[in-house]
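Construct all of the structure, not just a fragment, from the sequences and the given hints.
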Amino acid sequence: MTPLGGYLLVAALLFAIGLGGALTRRNAILVLIGIELMLNAANLNLIAFWRYGPHPEALTGMMFAVFAIAVAAAEAAVGLGLVISIYRHARTTDLDEMNRMKG
Amino acid sequence: MSIVFWILSFLTVLGGLAAVTLRNTVHCALALTVAFAGLGMLYLQLDAQFAGFAQILVYIGAVAILVVFAILLTRGSDTPKDGIFSRTWFAGTAIAAAVFAVLGWAVIESVDALPHETAAPAVTVNQIGNALLGRYVLPLEIVALLLTAALVGAVMVAMHEKGESK
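As they're listed, the protein sequences go chains L and U. Here the working numbering is used: the first residue of the first sequence is 1, the next is one more, and so on. Here the working numbering is used: the first residue of the second sequence is 1, the next is one more, and so on.
One thing to keep in mind: the hints can contain errors.
As the list claims (entries may be wrong) - Part of the chain L face toward chain U, derived, beta carbon under 10 Å: (1) LEU13; (2) ILE29; (3) LEU30; (4) LEU59; (5) MET62; (6) ILE69; (7) LEU80; (8) VAL83; (9) SER85; (10) ILE86; (11) ARG88; (12) MET101.
What the hints assert, rightly or not - Derived list of chain L stretches under chain U, where covered just means 3 residues or more per stretch with a C-beta under 8 Å from a C-beta of chain U: (13) 4-11; (14) 39-52; (15) 70-79; (16) 93-99.
Because the hints were derived from the structure by calculation, they are not lab data. Quantities reported herein were computed from a predicted structural model and do not represent experimental measurements. Even for Gly, the Cβ is constructed at its ideal location relative to N, Cα and C.
Rendered as structure tokens:
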């Protein structure tokens, strides 16, 4: 197994764990945690391909990962703000109970 | 494959698995921090020091703390009486397993075509700074705008509504 293959497998496993968490948990915050894990798995792929790619000095993969980290931080802030807002409205963060679009 | 890589990946995967399966939500947030730290160290292992330290600063320093705040503000640490997994947990697990099977199969099938060990790229922070303010200056400005909009938006969304009791 080449080093790149190992990193890709770890990233795939982490992505599947995040996807499973986002699809199976009831708590909205835990769903956001699953989404964060998926974003991180994609970042690991980008960095691994940057490291073992033909032109690491061009910094493309690293820059992509750094920008993805910044966008993920913005996503987390807005997502958790939405969860808090919904909690204040519905008194729950259980996604199975949030089955109305009308307040 | 070095032993350090296996230890770090084991730590990261274990942290991720604990973050989505533990019952107590606060424990989930702590396990998530372990997974983020493991990923940051994997980046360092990949000679991406800048990305590794950015990961530690942004994810452990900001996102994990934000998650803990959200959990404490929403009484999310109470374990729900009818289980922590949703009614459709079986379908979710099956989809996740299928996705992992496809991704793992693709990686293992193409492992011969992947590049082998190469010399570590000598990238200094000076080069990264030049790239950020040279070739990538437009994305940098857009990210700055996005972060400002997200900050204002998060405050607006989470703010108390007018006329609301309490």
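Status of each hint after checking the structure:
At its closest, the beta carbon of LEU13(L) sits 6 Å from a beta carbon of chain U; the interface hint therefore holds under the 10 Å criterion. The criterion of a C-beta within 10 Å of any C-beta in chain U is met by ILE29(L), whose closest approach is roughly 5 Å, and the hint holds. Among the interface hints, the one on LEU30(L) holds; its C-beta lies about 6 Å from the nearest C-beta in chain U, closer than the 10 Å criterion. This hint holds: LEU59(L) has a C-beta 5 Å from the nearest C-beta of chain U, less than the 10 Å allowed.
Against a cut-off of 10 Å between C-beta atoms, the interface hint on MET62(L) holds, since the closest Cβ of chain U lies about 6 Å away. Given the 10 Å rule on beta carbons, the hint for ILE69(L) holds: about 5 Å separates it from the nearest Cβ of chain U. Contact between LEU80(L) and chain U, as hinted, is supported at the beta carbon level, the nearest pair being about 4 Å apart and thus within 10 Å. Hint status for VAL83(L) relative to chain U: holds, with the closest Cβ pair at about 6 Å, below 10 Å.
A cut of 10 Å between beta carbons decides the hint on SER85(L): the least distance to chain U is about 5 Å, and the hint holds. For ILE86(L), the interface hint holds, the least distance from its beta-carbon to any beta-carbon of chain U being 9 Å, beneath 10 Å. Contact between ARG88(L) and chain U, as hinted, is supported at the beta carbon level, the nearest pair being about 8 Å apart and thus within 10 Å. The criterion of a C-beta within 10 Å of any C-beta in chain U is not met by MET101(L), whose closest approach is roughly 17 Å, and the hint is violated.
A stretch counts as covered by a chain when three or more of its residues have a beta carbon under 8 Å from one of that chain; for the region 4-11 of chain L and chain U the count is 7, and the coverage holds. Counting residues of the region 39-52 of chain L whose CB falls under 8 Å from any CB of chain U gives 8; the rule of at least 3 is met. Only when three residues or more bring their CB closer than 8 Å to a CB of chain U does the claim for the region 70-79 of chain L stand; here the count is 9, and the claim holds. Only residues whose beta carbon comes within less than 8 Å of a beta carbon in chain U count, and the region 93-99 of chain L has 4; three or more means the coverage holds.
The structure shown violates just one earlier hint, number 12.
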